[in-house]
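K.L.:
Could you put together the complete structure from these sequences and hints?
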Amino acid sequence: MAFNQFMHPRNIYRKRPDYKELASLSDEFRQYIYETGSNGNFTIDFTDQKALWSLTKTLLHKDFNLDVQIADNRLIPTLPMRLNYIHWIEDLLQHCKIFRPEINLIDIGTGCCAIFPLLGCRLHKDWKFYATEIDDVNLEYAKLNVQRNGLESRIKIYDNRNSEHILKTILTEDDVKFHVSMTNPPFFDDFIEENSNKMLADNTSDVKSFFHKHKTSTASPIEAVHEGGESKFIKQIIKESIDCKQRIDLHTVMIGRKKNFLELKSHLKELVEQSIITGFCWTEFCQGNTKRWGLAWTFCRRFNLTNAPKIKFSLSKPLILKLSNDLNCCDYEMNFIANHIEYLLRNDLEIDEITKIETHKKIEFDIKSQTNNWQNQRQKRRLAQRMIGTECNIIEQRDNEDEYQTISKRKLSDSVEFKQNFPNQCKKRMNFDYNSNSLTFLLHCGLMVKREKQDIIIKMVTKEMSLNKDSTYQLFQYFKNKLV
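So for the sequence shown, UniProt numbering puts the first residue at 1; every next one is plus one.
FYI, nobody ran anything at the bench for these hints, they're computed from the structure.
Don't take every hint at face value.
What the hints assert, rightly or not - Below, in silico cross-link-like pairs of lysine-lysine (DSS-like), each with a Cα-Cα straight-line distance of 30 Å or less:
| # | residue 1 | residue 2 |
| --- | --- | --- |
| 1 | Lys-322 | Lys-368 |
| 2 | Lys-265 | Lys-232 |
| 3 | Lys-322 | Lys-177 |
| 4 | Lys-317 | Lys-356 |
| 5 | Lys-322 | Lys-265 |
| 6 | Lys-480 | Lys-265 |
| 7 | Lys-356 | Lys-480 |
| 8 | Lys-15 | Lys-269 |
Stated by the list, open to error - Using C-beta positions, here's what the derived DEER-type ranges look like:
| # | residue 1 | residue 2 | range |
| --- | --- | --- | --- |
| 9 | Glu-152 | Lys-15 | 28 to 38 Å |
| 10 | Asp-366 | Gly-150 | 25 to 35 Å |
| 11 | Gly-40 | Ile-357 | 53 to 63 Å |
| 12 | Asn-65 | Pro-318 | 41 to 51 Å |
| 13 | Pro-318 | Lys-239 | 37 to 47 Å |
These numbers were taken from a predicted model, which means no experiment stands behind them.
Backbone N, C-alpha and C fix where the C-beta goes; we use that ideal spot for every residue, glycine too.
P.N.:
And the structure:
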């Protein structure tokens with residue numbers, strides 16, 4: 001699903017770039033485009049790193065008059081995502097009424113393009129950036145790109161390679177009052193996770209982007225991996241921010257994974273309750289097929305972040321099923337139907353977590369699960385029937401011997417076919433990313449049984465901790481087959 005319509009209203013890339021027009025402006029980019037179909041549309045090969053770099057360079061030159069040099073094997077900055085972040089910071093500054101002749105911003109991990117400082121300085125003549133970097137190649141290219149665009153007086157690049165702290169190097173600037181810090185940290189906590197996620201990317205944290213329909217990952221290990229992942233990195237920033245409360249007005253971060261966002265949001269809420277920070281807020285950054293999340297917090301009591309502006313991807317309409325009054329499974333009464341649904345959830349689907357709330361007008365279920373047991377029901381029933389008796393030993397008589405030998409003593413649950421079709425019965429958890437205390441679920445939805453006039457309806461909606469909406473729709477289809 002494309003999120004372009006949910007980009008920040010000021011993001012110029014809400015409208016898809018015209019590749020043919022870009023090709024007329026750049027000889028380099030022209031070699032990468034090709035026509036698709038007979039309707040005159042053009043595209044590029046999104047798995048070609050050189051094509052992606054050329055696209056980004058061409059857009060930066062056309063839309064922001066920026067001339068950048070690109071380092072090989074370094075992260076390609078997707079412009080719509082970066083602009084969404086910058087526009088949110090603009091909104092926060094406006095909301096908090098931070099109006100100064102000079103706005104000082106900190107960019108943690110600026111990358112080879114120093115993309116946030118370059119974009120920010122082009123958009124705002126009163127912005128000044130203090131950026132850090134720990135990779136030698138990124139340091140070299142970031143400084144080069146600042147010089148190429150004549151912004152040395154407004155962008156300072158700091159070498160943070162030998163520091164154990166994230167903010168300390170910049171905070172040596174004793175005479176500077178900082179207004180905003182920002183960062184887009186590495187996603188992964190080790191190389192195994194990075195490689196696994198490239199193969200098993202979910203819909204909410206994949207590598208797709210606005211331009212990059214099937215984008216190849218160009219990030220170096222130092223840009224993609226940090227011990228403990230982005231959650232640990234951001235918690236370190238939060239910890240350091242407590243030690244420099246008066247130096248920075250607003251701390252902001254962009255988060256790439258929903259489970260980390262929920263964990264960090266919960267952490268900030270606890271800090272507010274403990275009166276360690278005075279407030280925080282969040283937003284969603286939507287672009288192309290990708291969603292990211294933003295968090296901001298402050299120690300300044302004059303800033304009220306509870307009503308700070310946010311862009312939130314609107315929820316889809318609830319899925320509604322009107323039940324026939326001649327059900328075969330149970331009586332046509334709200335309680336009987338709800339009890340039957342609960343039976344199916346607990347016994348047929350073996351859902352991990354179910355919370356039931358009953359009132360005289362409706363019955364609601366909060367449903368969470370990490371295991372998909374609602375798809376391919378017919379196939380699984382046929383397979384189970386076909387495999388009955390598999391646990392019995394297969395006996396054969398040896399040639400020239402009067403004794404018998406057990407050829408196979410494998411249990412049904414040890415078979416590959418069984419594991420593929422009944423994953424919840426297998427003891428080994430194949431997905432290392434989930435645990436019993438997970439803040440994200442394969443499925444998290446609400447299911448409501450209620451009466452509307454003479455009819456009884458089922459209403460289902462995806463909730464916040466779900467990785468995507470597909471699982472809710474699949475469960476909805478399951479109940480349609482069971483109840484209609």
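K.L.:
Each hint: holds or not?
P.N.:
For each hint, the structure was consulted:
A distance of roughly 23 Å separates the Cα atoms of Lys-322 and Lys-368; the hinted pair therefore holds under the 30 Å criterion. Pair hint Lys-265 plus Lys-232 holds up; C-alpha atoms about 13 Å apart against a cutoff of 30 Å. Proximity of Lys-322 to Lys-177 is assessed by CA-CA distance (about 60 Å); at most 30 Å being required, the pair is judged violated. Proximity of Lys-317 to Lys-356 is assessed by CA-CA distance (about 22 Å); at most 30 Å being required, the pair is judged to hold.
Taking the CA atoms of Lys-322 and Lys-265, the gap is about 37 Å. The hint is violated against a cut of 30 Å. Pair hint Lys-480 plus Lys-265 does not hold up; C-alpha atoms about 36 Å apart against a cutoff of 30 Å. The hinted pair formed by Lys-356 and Lys-480 meets the criterion: a straight-line CA distance of about 20 Å does not exceed 30 Å. Restraint check: the Cα-Cα separation between Lys-15 and Lys-269 comes to about 36 Å, which exceeds 30 Å; the hinted pair is violated.
For Glu-152 and Lys-15, the hinted distance range of 28 to 38 Å is satisfied, since their beta carbons lie about 33 Å from each other. About 56 Å separates the C-beta atoms of Asp-366 and Gly-150, a value inconsistent with the hinted range of 25 to 35 Å. For Gly-40 and Ile-357, the hinted distance range of 53 to 63 Å is satisfied, since their beta carbons lie about 55 Å from each other. Evaluation of the 41 to 51 Å hint for Asn-65 and Pro-318 yields a pass: the beta carbon distance comes to about 47 Å.
For the pair Pro-318 and Lys-239, the supplied restraint of 37 to 47 Å holds, since their beta-carbon distance comes to about 41 Å.
Hints 3, 5, 6, 8, 10, counting from the list given before, are not met by this structure.
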